[in-house]
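The task is simple: from the sequences and hints, build the whole structure.
Residue numbers (this note's numbering), protein chains in the order written: chain A, 1 to 365; chain B, 1001 to 1239; chain C, 2001 to 2290.
Where hints are given, some of them may not hold.
[Said to hold, decoys possible] In the BS3-like style, the derived pairs of lysine-lysine whose C-alpha atoms are separated by at most 30 Å in a straight line are:
id	chain 1	residue 1	chain 2	residue 2
1	B	1092	A	143
2	B	1156	B	1079
3	B	1079	B	1009
4	B	1079	B	1174
5	B	1092	B	1079
6	A	143	C	2286
7	B	1156	B	1009
8	B	1156	B	1174
9	B	1079	A	143
These aren't lab readings, by the way, just hints derived from the structure by calculation.
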Amino acid sequence: MNPIELPDASEAPARRGLKLWLSRLEGPQTMGRGPAFWAVVVLAVLAALSYPAFANDYVVGNAAYFFVWTFMAMGLGVVWGYCGALSFGQTAFFGLAGYAYGVITINIGSAFGATWLALLLAVALGGVFALLIGYFMFYGRIKGVFVGIVTLSVTLVLETFMAQTAGPQWRIGDARLNGFNGMSGMPPLTVPWPGGDIMLYSGTALYYVLLGMVVLCYLGLRMLLNAPFGNVLVAIRENPERAEMLGYDIRLYQMLAFGLGGALAGLSGALYTAWGQYITPSSMGLTAAALPIVWVAVGGRRDITATLLGCLLVIAGFQSLTIYGSQYALVVMGALLVFTVLVTPDGLVFTAINRMGRLFKRVRR
Amino acid sequence: MTRILDVAKLNKSFGGVTVARDIDFVLEAGAMHCLIGPNGAGKSSFFRLLLGEHAPDSGTIGFAGDDITALRSFQRIRKGISVKFQVPGIFKALSVRQNLEIAFQYHLHGASLGDTVRRVLEFTNLTGEIHTPAGVLSHGQQQWLEIGMAVGVEPKLLLLDEPTAGMSPDETRKTGEMLHELNARGITILAVEHDMAFVQQIARSVTVLHMGAIFAEGDIDEITAHPGVQEIYLGAADE
Amino acid sequence: MEFFPASFSIFYQFGNAFAFLVISCAGLAVIFGMMGIINLAHGEFIMCGAYVTASTARAGLPLPLAIACGALTAALVGMVLERTVIRHLYHRPLDSIIATWGISLIATQAVLILLGPSMSGTGTPLGSTLVGERSYSIYRLVLFASAVGLLGGLYLLFYRTRFGVIARATIQRPEMARALGVDTRRVYGLTFGLGAGLAGLAGGLYAPTMTMVPTMGATFIVESFVTVVVGGADIFLGAAPAAAILAVIKAALTAWYGQLFGQIGLLVAVIVVIRVMPGGLSAFIKRWQR
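Written as structure tokens, this is what we have:
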């Protein structure tokens, strides 16, 4: 047995600011610690950085497409895995932010970094909308299955509403909403550059930008989840009454976590629109609403690393299956879900990593 | 002596059942007091009213001079009430250390957090279990962990709902000693209990509840000798 | 008499919506209300019943018999599913959502692969009748009568038969039931089968009015879900009055603003009800009764 180490005691004065936050990269809420783990992470990032050297622009752009979805998956991981609320509503924020990006950039163009402002505003919109819905639900003491139902209803209302905006009267400024046809014609993310703005269409440049975002988001979430905030989220998941009786306003924390999840889903939505210059109401439909749940369930919702890896694996797998026969792809998806729930309820990736970890006899804590 | 709890004319009914009937209850700071009564007397309901889980139909609850009747549960906790429920309210999937950190972290940070965690571990005899998932602990240890979580931030008032339920006689006695130590440090103790031996061990005064109303109050010897009290216990057993 | 055709039209609209909600949600209500399981494969049981009904009807079976076949097939499939998958999910409501959604995916795709994107259905029987200046489908009136009959039949089943009493007891207090010698696993299996069979019945009843596509379950699932959630755990105190109220809302909104707003109205109703009456209508009514 380890002797009692409560490192805070003697090192407390030094752990402030940056050092404190860096120390939170590891902690009880996230898998993986120690030099071996971080070596693997660095290797993975290096591999990702060098990938474009071995593949053509189209394939790399496709990989960028995978990255787009990871934020929504990580957001759902926070809301569902860490806070315990199964939300079917992530695609509502996805769609809202996607349309917001489209509307803003169609109206103000892409010069002088306007697209980045649009991205920021779209994410903020997603986050604010999520805070509102979160307020409505958690301050109304809605919990469990009903969170899923309310969020699904919100998503479907948005989809149904957007689907009937086909007429020309449905426009915000210059941007026509276009109903079920979808909105197109917005510019991609554009980097202002003397001599010619760099338009980040699906390709290597966009790949690098997205890779950077994914890494930052992943590390940032690790730090947040191991901070006291993350502790409270997990406590609420495990025993909400007890958390309240320890003096925490659980409604506030749930709402904040939900807002964060919404902002991340919004990031995915805005990036998706920027990636493909296209957004449609079906991105908020029944199937779309359930997809993030598939990724997170199969990957593992209890841990942000498992969620991220699971999301990438499932999307990549789904895409390769679709090439061979999209009908079979969905059957495999369904079977994967059933298998996961029955055999590895903590998630395929999570369970696999755990087993491997035990194989290497990692010393915990 | 200051009053830590000042309950006046508290009333609460659910549907047709009255769980609190015009309750006037005063608790002085530093007391060790027990709430007893037959099953269904309304003891747990009274706790829930104190904690804010239910809102009373009428009446007021005063805590350390403040009127807390309108406050939400978490606000009351922050004012200095702490609670230990009957069923161990711990975070079973998390380690003992995490349980304690969560309990104290909004009050304390860094060095003092670590210190307090260490002190509570020693106090509850759980020093060796610091990394154990709380769900793996024995029942008695879980109860102690919860008491530890409840007192680490030195609350003014500690409410306990049947703290020795399911404990062995040894564990029960140890719990009583713990409560005495806490009381010596200035924490007022109010416990709901069925185990009369435990009540004898820890309480200086006792309130008897019956059918939602206060039936009798006084020090422990008076109450145990009170014929009316014996009757309501027997009467309840007959039903 | 100008009044009669107008009120008949209103009654017809209402009856149409009400019948749809009751018939399509009965199976879901039984499974959710009695077992606490969210069955997202509900739409696929409906599809199963519809496909079997359409095939047997075109093979020559009279429609009522074909519908019975559809319901029975769905019930059998349901019991098999219960034994293999659902059984493990009884106290895991969130996991049951995911697992049944996976089953729904498998079922929809399998039917698409094996039977193609659509199958010929049967026509709507019984023709139409004229009331005032409008013609109304007689079959839809039959559906309304079926919905009422269904509620009556379920009431008799759950409150007047031995199975019903045992089922309700088992679901409320499984340990007690087991202590009294009830084979609780069989009861769960039969109840799930009943829920699936009711879904199949819905599919069979509506088969003559719809085109047979593998995704036809989706038409039913959202609205039946809404009805069950608004209604709460009890079919009679909850789902039935919920269906009535939602039918009014939907019919009114559809008449004034069109299909899409009818749908939106329903979804908004769900959100409001969950917020205001967390246990659904049935919990509200029960509390009010005291």
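- Message: If you test the structure against every hint from before, which numbers come out violated?
- Response: Hint check: nothing fails, all pass.
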